[in-house]
Amino acid sequence: EAGVVQSPRYKIIEKKQPVAFWCNPISGHNTLYWYLQNLGQGPELLIRYENEEAVDDSQLPKDRFSAERLKGVDSTLKIQPAELGDSAVYLCASSPNVEDTQYFGPGTRLTVL
Amino acid sequence: RKEVEQDPGPFNVPEGATVAFNCTYSNSASQSFFWYRQDCRKEPKLLMSVYSSGNEDGRFTAQLNRASQYISLLIRDSKLSDSATYLCVVNSGYSTLTFGKGTMLLVSP
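Chains A and B supply the protein sequences, listed in that same order.
Quick note: the first sequence uses the working numbering, first residue 7, plus one each step.
Quick note: the second sequence uses the working numbering, first residue 444, plus one each step.
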């Protein structure tokens with residue numbers, strides 16, 4: 007069974023540029039999560055979707071970050087404009103339902119210059 | 444006080460050693476607890492859930508002490524392949540997982 011797929015794996019951009027990350031969860035998984043992981047830290051939740059509904063986006067910096075999961079399957083996370091401090095690994099995870107084990111994708115490593 | 448606290452290490456142990464990690468959490472209403480493993484530049488993967496009665500999976504034993512609000516992970520007979528960062532994870536409600544910073548383990552020959 008395919009795992010969570012994320013692309014791109016690496017992205018280098020200059021500050022103030024926009025950037026987008028894509029995630030395809032495990033087939034059949036209704037719940038999708040976006041996390042941010044800084045070096046030496048654990049992942050921190052940005053947003054959680056149950057199907058196409060964003061049910062927890064309290065930690066998403068809404069002035070520059072946006073996310074969507076229009077058909078309740080794959081999802082995109084966007085930053086516009088990017089700042090130096092956004093350099094981190096952006097992890098996507100999915101689970102069959104909200105109480106189930108979360109499976110993480112390989113992440114997108116973002117470097118903002 | 445951070446929600447989930449761990450000693451970042453690194454813990455340097457020889458092969459075959461027994462090593463233990465502890466983790467404390469601040470939210471007494473937390474419902475479920477986990478240990479995740481993260482290899483360098485890889486994604487976190489679930490190692491094991493932690494149950495109130497304690498649980499064992501091969502060389503790994505997890506314990507939960509609700510009264511003191513700490514969780515432990517014991518690894519016996521350490522292997523080189525156990526070298527990784529071990530993340531303590533707490534579900535504090537609403538299915539939101541809170542991760543600790545992780546404890547790095549380095550097992551040497």
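I should point out that these hints are in silico values taken from the structure, not numbers from a laboratory.
Think of the CB as a built atom: it goes at the ideal place given N, C-alpha and C, for glycine as much as any other residue.
Some hints here could point you the wrong way.
Partial list, derived from the structure: chain A residues whose beta carbon lies under 8 Å from chain B [claimed, not checked]: (1) GLY46; (2) THR107; (3) GLY111.
Structure-based check of each hint:
no.	hint	in the structure
1	GLY46	holds, 6 Å
2	THR107	holds, 5 Å
3	GLY111	holds, 6 Å
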